[in-house]
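Work the whole structure out from these sequences, hints included.
Residues 0 to 116, numbered by numbering that gives the first Met the number 0, are exactly what the sequence shown covers, in order.
Hints in this document: simulated from the structure, not taken from any laboratory.
Beta carbons: idealized from backbone N, C-alpha and C, even for Gly.
Just to be clear, a hint being listed does not mean it is correct.
[Unchecked claim] Quick list of simulated restraints, FRET-style, between CB atoms:
(1) His2 / Glu68: 33 to 41 Å
(2) Thr90 / Tyr23: 33 to 41 Å
(3) Thr67 / His1: 33 to 41 Å
(4) Glu107 / His1: 15 to 23 Å
(5) Gly64 / Gln38: 30 to 38 Å
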Amino acid sequence: MHHVIRQIHPPSGPRNAQFIGEPYGADISFFLVDAEPGQGPKPHRHPYPETWIVRSGHGTFYAEGDETEAGPGDVVVVSAYTPHTFRNTGTERLELVCIHAAGEMSTEWLESTDPIP
0 MHHVIRQIHP
10 PSGPRNAQFI
20 GEPYGADISF
30 FLVDAEPGQG
40 PKPHRHPYPE
50 TWIVRSGHGT
60 FYAEGDETEA
70 GPGDVVVVSA
80 YTPHTFRNTG
90 TERLELVCIH
100 AAGEMSTEWL
110 ESTDPIP
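Quick look at the structure:
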């Protein structure tokens, strides 16, 4: 069996989109992110790995005190339970695919006193 989900991220719609794989028998979920300069989520972690694919723009990815710069075509991976976040540190929009290695997403939001921005 196969499924086709059309226009998860239509050109005229919201800039961010979410796909939850579990209803389709898929063991992955993902966000399509289109962030303005300076934007990014609050620090958080997941009970599974997360993989980011940078489609365009530039960002800084923070995990356990490390900072990694990434641009178009780069892939960044963070292990399960690792506190992390990212910011659009470029001057143009940052487009990412944020792949969650789970059929349903689970996020623990961390306090702002944690040692990542």
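Hint check results:
no., hint, verdict
1, His2 / Glu68: 33 to 41 Å, "36 Å, holds"
2, Thr90 / Tyr23: 33 to 41 Å, "37 Å, holds"
3, Thr67 / His1: 33 to 41 Å, "35 Å, holds"
4, Glu107 / His1: 15 to 23 Å, "33 Å, violated"
5, Gly64 / Gln38: 30 to 38 Å, "22 Å, violated"
Hints 4, 5 from the list above are not met by this structure, while the remaining hints are.
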